[in-house]
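Given chain Y's structure and the hints, the job is docking chain R onto it.
Here are the chains, one letter per residue:
2 protein chains.
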Amino acid sequence: MPRAFAVVMAGGSGTRFWPLSRAARPKQLLALAGGDESLLAATVRRACAVVAREDVLVVTSERLADAVRAELDLPAENVLAEPEGRNTAPCIGWAATRVARSDPDAVCVVLPSDHHIGDEPGYTAALTRAIEAAAAGDIVTVGIRPTRPETGYGYIEIGETIADGVHATRRFVEKPNRQRAEQLLSGGQVLWNSGMFFFQAQRMLDAIDAHLPGLGVTLHRYRDATLEAEAALVRETYASLPSVSIDHGVMEKVDDVAVVPADFGWSDLGSFASAYELAEHDADGNVLAGGVAHDARGCYVRAPEGKLVALIGVRDLVVIDTPDALLVMPRERAQDVKAVVEALRETDPDRL
Amino acid sequence: MPRAFAVVMAGGSGTRFWPLSRAARPKQLLALAGGDESLLAATVRRACAVVAREDVLVVTSERLADAVRAELDLPAENVLAEPEGRNTAPCIGWAATRVARSDPDAVCVVLPSDHHIGDEPGYTAALTRAIEAAAAGDIVTVGIRPTRPETGYGYIEIGETIADGVHATRRFVEKPNRQRAEQLLSGGQVLWNSGMFFFQAQRMLDAIDAHLPGLGVTLHRYRDATLEAEAALVRETYASLPSVSIDHGVMEKVDDVAVVPADFGWSDLGSFASAYELAEHDADGNVLAGGVAHDARGCYVRAPEGKLVALIGVRDLVVIDTPDALLVMPRERAQDVKAVVEALRETDPDRL
Numbered sequence: 001m002p003r004a005f006a007v008v009m010a011g012g013s014g015t016r017f018w019p020l021s022r023a024a025r026p027k028q029l030l031a032l033a034g035g036d037e038s039l040l041a042a043t044v045r046r047a048c049a050v051v052a053r054e055d056v057l058v059v060t061s062e063r064l065a066d067a068v069r070a071e072l073d074l075p076a077e078n079v080l081a082e083p084e085g086r087n088t089a090p091c092i093g094w095a096a097t098r099v100a101r102s103d104p105d106a107v108c109v110v111l112p113s114d115h116h117i118g119d120e121p122g123y124t125a126a127l128t129r130a131i132e133a134a135a136a137g138d139i140v141t142v143g144i145r146p147t148r149p150e151t152g153y154g155y156i157e158i159g160e161t162i163a164d165g166v167h168a169t170r171r172f173v174e175k176p177n178r179q180r181a182e183q184l185l186s187g188g189q190v191l192w193n194s195g196m197f198f199f200q201a202q203r204m205l206d207a208i209d210a211h212l213p214g215l216g217v218t219l220h221r222y223r224d225a226t227l228e229a230e231a232a233l234v235r236e237t238y239a240s241l242p243s244v245s246i247d248h249g250v251m252e253k254v255d256d257v258a259v260v261p262a263d264f265g266w267s268d269l270g271s272f273a274s275a276y277e278l279a280e281h282d283a284d285g286n287v288l289a290g291g292v293a294h295d296a297r298g299c300y301v302r303a304p305e306g307k308l309v310a311l312i313g314v315r316d317l318v319v320i321d322t323p324d325a326l327l328v329m330p331r332e333r334a335q336d337v338k339a340v341v342e343a344l345r346e347t348d349p350d351r352l
Numbered sequence: 001m002p003r004a005f006a007v008v009m010a011g012g013s014g015t016r017f018w019p020l021s022r023a024a025r026p027k028q029l030l031a032l033a034g035g036d037e038s039l040l041a042a043t044v045r046r047a048c049a050v051v052a053r054e055d056v057l058v059v060t061s062e063r064l065a066d067a068v069r070a071e072l073d074l075p076a077e078n079v080l081a082e083p084e085g086r087n088t089a090p091c092i093g094w095a096a097t098r099v100a101r102s103d104p105d106a107v108c109v110v111l112p113s114d115h116h117i118g119d120e121p122g123y124t125a126a127l128t129r130a131i132e133a134a135a136a137g138d139i140v141t142v143g144i145r146p147t148r149p150e151t152g153y154g155y156i157e158i159g160e161t162i163a164d165g166v167h168a169t170r171r172f173v174e175k176p177n178r179q180r181a182e183q184l185l186s187g188g189q190v191l192w193n194s195g196m197f198f199f200q201a202q203r204m205l206d207a208i209d210a211h212l213p214g215l216g217v218t219l220h221r222y223r224d225a226t227l228e229a230e231a232a233l234v235r236e237t238y239a240s241l242p243s244v245s246i247d248h249g250v251m252e253k254v255d256d257v258a259v260v261p262a263d264f265g266w267s268d269l270g271s272f273a274s275a276y277e278l279a280e281h282d283a284d285g286n287v288l289a290g291g292v293a294h295d296a297r298g299c300y301v302r303a304p305e306g307k308l309v310a311l312i313g314v315r316d317l318v319v320i321d322t323p324d325a326l327l328v329m330p331r332e333r334a335q336d337v338k339a340v341v342e343a344l345r346e347t348d349p350d351r352l
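Read top to bottom, the protein sequences are chains Y and R.
Anchor point for the first sequence: position 264 equals 264 in the working numbering, and the numbering is continuous, going up by one each time.
Anchor point for the second sequence: position 107 equals 107 in the working numbering, and the numbering is continuous, going up by one each time.
The following block holds chain Y by itself, in its conformation from the complex (with noise of 0.2 Å):
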């Protein structure tokens, strides 16, 4: 198999997962598929069954690299310091820079950090079978079978097939309303855009160069400097640096984008909502994790270790507990979190 750097994507806030997920420990931190295992470290593990553990590199900010750090057996100078979150074209950028550096030829896997993964077997083979294809110069995504008119995700439109299992992409379409997912859906040529990126380092750099040149001046630097070089200039120049994601920047742009169509329990585990629905449930729906229920069904709840949580003749209930906050919500509500976190953000930014 040609050489591949993991480039794990671990900078969000995730605030949907609010009271769990904090500033200082947000969403991707989490074990909230279930278990102990935070989804980064789940990340990771998966990661390695296709690149070597020293080949893994996290692009998280700096706020967060401590408990990256901690959370993961890395070398500490593989976990990338974002002084601010500048959408995920310049963290691509700057983490190619460093697999270039290495190696131009080596495929980068791009991965969020923050997904669930049924299907572990499979997605090693999709894996595969993108870095191959990305090995032969293509930039490559992964697509997702749809399963019904999800209005929280981008689309890929396909075209014709290019290699066993690897299609080309006719266009991106962005997070549909109903109407236009349920159309997308009937024509029936569409995944959903997971998100994963493939490609050989010198290929993104040329293709940020083609159609970000700004970025591209940057990431120059960035390649030519050393280690310790890199960090004061990353430091120096980020703020500068374009808010654009891969997708607008680059993907969009670039007419050679191939996808792999796959199929592996894919969740990108917007909220508590999926979170529920990835759990186990007990006979009555509910996922209570040491909690008792008198005539409840279909709830979630989360709790600090040690602590007892009862509930009565509730249904399909959203219930998390931590020490300094308390959240209760319909399941199907479970989209607002963010509209608190965001009032909370003026009135009791420490709470967050």
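Calculated directly from the structure, the hints in this document are not laboratory data.
Where hints are given, some of them may not hold.
[As the list claims (entries may be wrong)] Some chain Y residues judged to face chain R by a derived CB distance under 8 Å, without partners named:
no., residue
1, Ala310
2, Ile312
3, Asp321
4, Leu327
5, Val328
6, Asp348
7, Leu352
Glycine is no exception: its CB is placed at the ideal position from the N, C-alpha and C atoms.
Using the frame of chain Y, we list chain R on its own:
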């Protein structure tokens, strides 16, 4: 006004207020009606409008005696500690021997410790009237004018007027079912039994001798003992006393019980639903105690100081948070807390 002693009954466990009320800190020690004053402290404060503070006796369990003494500014010996609960007749009888030792003709004002009183001047007036009637030799109770066919209270049928604002009683009716409660109300000559009783100490001890002679024999020994000897005697004999209520054991058997009808915003604070009713609501009908609500209505929240409770999209919910236990239920299920507490008695008794 005749000399009077208050006899405050504070031995209850208040399981319907779990997890706020605990075995070591039950309902009467909590500020359930809002503010910082416990129900017991409020009862004693109100009693002091009609009796001297040193003439307030509080009967509680041995387990709670220290907490009760800490709560109240009373002489230590005024807190009578029962080795075990034997219902109200032994408790009231014991307190009556204490009063009789000082003054056999003094009036005992027996008060539950877990009620809420909305109109304190009206309450003082009713107590004054009842004390005066008791000083004339009657056993007297206060009856509350009913406002609804409540099935949670006992009723008193009233007879002819025997003095200004004082009626004879025809009979005591135990907690009725709904249909019976409606019949009682449509008859018009009924009051709710408030559980407050007024009598000269000797009058009650004579009634106990007549109707509960087994209890009477032991009470004579208490009365003849010194305060020091009494403690040992109580510990030795209390478990053998008949467990019987003053209503069944005495009230229903003496034929000259009088009743003072009154209306002073009385509530027995039987559950979180009544605590909600008594508390001050915000514009959305919530009682949040510092929490935040996003499209929530009719909710009652209690949480430790410094804890933030966020509600999203819920209606008529009770959320009671404590350091080691959390309860969530609809307000209309407030009576079911008892069932959860009974189940915990088996599985997690330290949580009670």
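Results for each hint:
Because the beta carbon of Ala310(Y) sits about 5 Å from the nearest beta carbon in chain R, less than 8 Å, this interface hint is met. A least Cβ separation of about 4 Å between Ile312(Y) and chain R falls short of the 8 Å threshold, and the interface hint therefore holds. Checking Asp321(Y) against chain R by beta carbon gives a least distance of about 6 Å; that is within 8 Å, so the hint holds. Because the beta carbon of Leu327(Y) sits about 5 Å from the nearest beta carbon in chain R, less than 8 Å, this interface hint is met.
Checking Val328(Y) against chain R by beta carbon gives a least distance of about 5 Å; that is within 8 Å, so the hint holds. Given the 8 Å rule on beta carbons, the hint for Asp348(Y) holds: about 7 Å separates it from the nearest Cβ of chain R. Hint status for Leu352(Y) relative to chain R: violated, with the closest Cβ pair at about 11 Å, above 8 Å.
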